[in-house]
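Enquirer: As a plain string of letters, each chain reads:
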Amino acid sequence: MTLQERQPERTTIVLFSGELDKAIAAFIIANGAAAFDHEVTIFCTFWGLNALRKDEAVPVKKNLLERMFGAMMPRGPRKFGLSKMNMMGMGPAMIKNVMKKHNALSLPQLMELAQEQGVKLVACTMTMDLLGLKKEELIEGIEYAGVAAYLGDATEAKVNLFI
Amino acid sequence: MTLQERQPERTTIVLFSGELDKAIAAFIIANGAAAFDHEVTIFCTFWGLNALRKDEAVPVKKNLLERMFGAMMPRGPRKFGLSKMNMMGMGPAMIKNVMKKHNALSLPQLMELAQEQGVKLVACTMTMDLLGLKKEELIEGIEYAGVAAYLGDATEAKVNLFI
Amino acid sequence: MTLQERQPERTTIVLFSGELDKAIAAFIIANGAAAFDHEVTIFCTFWGLNALRKDEAVPVKKNLLERMFGAMMPRGPRKFGLSKMNMMGMGPAMIKNVMKKHNALSLPQLMELAQEQGVKLVACTMTMDLLGLKKEELIEGIEYAGVAAYLGDATEAKVNLFI
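Protein chains in written order, with this note's numbering: chain A, 1 to 163; chain B, 1 to 163; chain C, 1 to 163.
In short, the hints are calculated from the structure, not lab data.
Just to be clear, a hint being listed does not mean it is correct.
Copies of one chain are not kept apart here, so a pair can be met inside one copy or by any two copies together.
The calculated EDC-like cross-link candidates involving lysine to aspartate or glutamate, where the alpha carbons are at most 16 Å apart (straight line), are [said to hold, decoys possible]:
hint: 1; residue 1: Lys101; residue 2: Asp129
hint: 2; residue 1: Lys101; residue 2: Glu140
hint: 3; residue 1: Lys61; residue 2: Glu136
hint: 4; residue 1: Lys101; residue 2: Glu66
hint: 5; residue 1: Lys101; residue 2: Asp153
hint: 6; residue 1: Lys100; residue 2: Glu136
hint: 7; residue 1: Lys62; residue 2: Glu136
hint: 8; residue 1: Lys54; residue 2: Glu140
hint: 9; residue 1: Lys96; residue 2: Glu66
hint: 10; residue 1: Lys120; residue 2: Glu136
hint: 11; residue 1: Lys54; residue 2: Glu112
hint: 12; residue 1: Lys84; residue 2: Glu143
hint: 13; residue 1: Lys79; residue 2: Glu39
hint: 14; residue 1: Lys100; residue 2: Glu66
hint: 15; residue 1: Lys100; residue 2: Asp129
hint: 16; residue 1: Lys134; residue 2: Asp55
hint: 17; residue 1: Lys61; residue 2: Glu112
hint: 18; residue 1: Lys135; residue 2: Glu156
hint: 19; residue 1: Lys96; residue 2: Asp129
Remember, it's a predicted structure, so these values are computed and weren't measured experimentally.
Only chain A is shown next, with the shape it has when bound in the complex:
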């Protein structure tokens, strides 16, 4: 037991979903774990990769299908919809409004806090390839890796969630 106690706990989250409520849940858990001194990895894959996109369009070379994917998917966390009660975009506005009133952190603020706390944000390189997203289109301070690196972290962690 002593050996284990010396090592920090680890938490990993696969952020698969590109939805406001699920991403908020992921970053609240990640920030909580980081506050407990866990080493935390959020592996952003599939639709979840959109959380790492910059708000603004970045001029990069893309083929037609990549341009289509880029246009159809939300550009950054501010554009995320809800998994439930999206109501043509009214739901996210209501949730954001209510979170503001309760002084709860917004998703972009939760992400900023996560980065400040040393949470490792990883962009899934396979998803980047498939959807044609380039490094220039993603936010700063993140890492780039594949499923092997994720599994390396997850195998050393006890709390492993798929969101």
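Position chains B and C relative to chain A; hints supplied.
Expert: Chains B and C in isolation, oriented as in the chain A frame:
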């Protein structure tokens, strides 16, 4: 290994989803784990918190937005829809019918069994605040906590699921 | 630690979802874990059980409700839709097209690889009962078990995901 064998195993589930099929899956896993003498925690957050609502309306003081959230979200597990093939509410009726024929426990029965087996049902206090749900509106015999308490349990568990 | 190091690591995945993108994510993680010599179990339950269905219709005796379920749910991984941007079936075609261009394995290929690597695919017998799916309708080389067997594997694993 001997030290570990003396401690009971732990299982935690974050119930994020407010859908019949996912909640059934969560409570089947929880009851199974409890039958194996695991200490089980179900942390009900976001839409999953609705599983802990009483069937009937409870008169509590709410502002307009809280009343709207309360009215739009399902009041208790009997009102849950399906994540797939909901078919305007016909899907849940079909599933419930088929479960009855096979003598499978309904969601309310699975929840009752979970409480009898000592599964710890936790209402996420942050979600209660945001959606304006009061303790009087939730079922008896549950605990109230935040993400820190969840992480405390999860860190001691090997089976941690996000549903 | 020495005792633990002699045992292989374990990874379990509950495949609850019957959607192309989520199933692809599940099998990519499973194949990655198998490549790292983990013992991997994918427990296919609820809609995820459809991943184990054969492509062709198999003549078995069913009642009306079972025939309805059988007809409404996708028959095998080739029929899966997307959880996002399904766009009346155009989304899956686009994703499949893009995966082919990048020489990424398709879901049926990922499943074949998983079986070759010794990933244990388990059909949830409770779901089979409820939805009226018979062994003859499912692919070869899989196991049949309930939640108890899943929990037995999960309790020995560190990476346990619900997808």
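Enquirer: Now tell me if each hint is right for this structure.
Expert: Status of the hints after comparison with the structure:
1. In the homo-oligomer, the alpha carbons of lysine 101 and aspartate 129 lie at most 16 Å apart only across protomers (11 Å), although the nearest pairing inside one protomer, at 40 Å, exceeds that limit.
2. Proximity of lysine 101 to glutamate 140 under the C-alpha cut-off of 16 Å is found in neither arrangement, the shortest distances being 29 Å within a copy and 29 Å between copies.
3. In this assembly of identical chains, the alpha carbons of lysine 61 and glutamate 136 lie at most 16 Å apart only when taken from the same copy (11 Å versus 50 Å across copies).
4. In this assembly of identical chains, the alpha carbons of lysine 101 and glutamate 66 lie at most 16 Å apart only when taken from different copies (12 Å versus 38 Å within one copy).
5. For the identical chains of this complex, lysine 101 and aspartate 153 are neighbours neither inside a copy (37 Å) nor across copies (30 Å), given an alpha-carbon limit of 16 Å.
6. Proximity of lysine 100 and glutamate 136 under a CA criterion of 16 Å is satisfied in neither setting, with 31 Å inside one chain copy and 25 Å between copies.
7. Taking the closest pair of Cα atoms, lysine 62 and glutamate 136 come within 16 Å of each other only inside a single copy of the chain (12 Å); across copies the shortest separation is 46 Å, beyond that limit.
8. Taking the closest pair of Cα atoms, lysine 54 and glutamate 140 come within 16 Å of each other only inside a single copy of the chain (9 Å); across copies the shortest separation is 45 Å, beyond that limit.
9. In this assembly of identical chains, the alpha carbons of lysine 96 and glutamate 66 lie at most 16 Å apart only when taken from different copies (14 Å versus 30 Å within one copy).
10. Within a single copy, lysine 120 and glutamate 136 get their C-alpha atoms no closer than 18 Å, and across copies no closer than 40 Å, so neither meets the 16 Å cut-off.
11. For the identical chains of this complex, lysine 54 and glutamate 112 are intra-copy neighbours only, at 13 Å inside a copy versus 37 Å across copies, given an alpha-carbon limit of 16 Å.
12. Taking identical chains as interchangeable, the C-alpha atoms of lysine 84 and glutamate 143 are never at most 16 Å apart, the minima being 30 Å within one chain and 25 Å between chains.
13. In this assembly of identical chains, lysine 79 and glutamate 39 lie within 16 Å of each other by CA distance neither inside one copy nor across copies; the values are 28 Å within and 39 Å between.
14. Taking identical chains as interchangeable, the C-alpha atoms of lysine 100 and glutamate 66 lie at most 16 Å apart only when they sit on different chains, with a minimum of 14 Å there against 35 Å within one chain.
15. Proximity of lysine 100 and aspartate 129 under a CA criterion of 16 Å is satisfied inter-copy only: 12 Å between copies versus 36 Å inside one chain copy.
16. For the homomeric pair lysine 134 and aspartate 55, the shortest alpha-carbon distance inside one copy (14 Å) is at most 16 Å, but the shortest distance between copies (37 Å) is not.
17. For a Cα distance limit of 16 Å, the shortest separation of lysine 61 from glutamate 112 qualifies neither inside one copy, at 28 Å, nor across copies, at 35 Å.
18. Within a single copy, lysine 135 and glutamate 156 get their C-alpha atoms no closer than 28 Å, and across copies no closer than 37 Å, so neither meets the 16 Å cut-off.
19. For the identical chains of this complex, lysine 96 and aspartate 129 are inter-copy neighbours only, at 14 Å across copies versus 32 Å inside a copy, given an alpha-carbon limit of 16 Å.
The structure fails hints 2, 5, 6, 10, 12, 13, 17 and 18 (numbered hints given earlier, in ascending order).
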